[in-house]
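Sequential numbering of the sequence shown, starting at 8, is according to this note's numbering.
These aren't lab readings, by the way, just hints derived from the structure by calculation. All of these numbers come straight from a predicted model, not from anything done at the bench. Heads up, some of the hints might be wrong.
[What the hints assert, rightly or not] For lysine to aspartate or glutamate, the following EDC-like pairs were computed, each having C-alpha atoms within a straight-line distance of at most 20 Å:
1) K66 - D48
2) K146 - E124
3) K136 - D78
4) K146 - D93
5) K159 - E147
6) K136 - E124
7) K53 - E67
8) K165 - E147
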Amino acid sequence: LMASAVPMREYLAVPNECEPRVAINDFPQTYLFAATFSNLDQWVRKGTSPPRGQPIEVKEGQRGTVNFVNDDLGIARGGVRTPWVDVPAGAFYPNMTGEGTCRDIGYWIPFSWPRLEAIYGNYANYSRKFLEAVDRTVKERWILPADGEKIKAEFRTKVSSN
Numbered sequence: 008l009m010a011s012a013v014p015m016r017e018y019l020a021v022p023n024e025c026e027p028r029v030a031i032n033d034f035p036q037t038y039l040f041a042a043t044f045s046n047l048d049q050w051v052r053k054g055t056s057p058p059r060g061q062p063i064e065v066k067e068g069q070r071g072t073v074n075f076v077n078d079d080l081g082i083a084r085g086g087v088r089t090p091w092v093d094v095p096a097g098a099f100y101p102n103m104t105g106e107g108t109c110r111d112i113g114y115w116i117p118f119s120w121p122r123l124e125a126i127y128g129n130y131a132n133y134s135r136k137f138l139e140a141v142d143r144t145v146k147e148r149w150i151l152p153a154d155g156e157k158i159k160a161e162f163r164t165k166v167s168s169n
C-alpha cells in the first residue's frame, strides 16, 4: 500500500484524556472494529481485500476547522454505512461543546416519535429497513455474520419488550 493512497488527516481514533473521565459515546462501534480486524486478518492470510468505503464528506469551517457535511437528518454523508446511519432512530454528533465536557466524545439524540413517523411512516417500515440494512452491512463485510445475527436478535428483543 502506497502512502499516497490514503489521505492523511489529523483525526484521533480515541478521545484525548478527559477530566473528569466520561464514557465514550454509545455508537455501536465494537461491531465495526471486530469486522475491521477480521478483514485485516483475511487480507494478510488470504489476500482478500477489505471492503472500501467512501470518505466522510467534509467542508472547511471557521478558523480552518473541518466540519462534516450532514444530510437532512443530521447524519454525516459518506463513510462506512451502517444500519444506525442509514436507518437512524436519532442523530450521532461527533463531539461535545461547553465547559466541563470532553470535546472528542460524541453523543446521540433520539428522534421524537412524530419525527420517526414522518421519516418511516410506521414502526413496521422502520423495522424492515433496519433489518435489511443489517443484512446489507454484513454482506458488504462491515459487520461479521455472527454480529449481524446478534444485532437482529437484540433489535427484535427491544421490539418485543416495548
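- Between K159 and E147, does the CA-CA distance stay at or below 20 Å? holds, 16 Å
- Query: Is the hinted pair K136 and E124 satisfied, with a Cα-Cα distance of at most 20 Å?
  - Reply: Roughly 14 Å between the alpha carbons, so the hint for K136 and E124 holds.
- Item | Restraint status (C-alpha distance of K146 to E124 at most 20 Å) | violated, 28 Å
- Going straight from one Cα to the other, do K53 and E67 come out at no more than 20 Å? violated, 40 Å
- Proposed proximity, D78 with K136 (alpha carbon, max 20 Å): holds, 18 Å
- Query: CA of K66 to CA of D48, is that 20 Å or under?
  - Reply: violated, 34 Å
- Straight-line alpha-carbon gap K146 to D93, limit 20 Å: holds, 15 Å
- Query: Does K165 pair with E147 here, judged by a C-alpha cut-off of 20 Å?
  - Reply: Between K165 and E147 the Cα gap is close to 25 Å, so the pair fails against 20 Å, i.e. violated.
In the structure shown, a violation is registered for the earlier hints numbered 1, 2, 7, 8, in ascending order.
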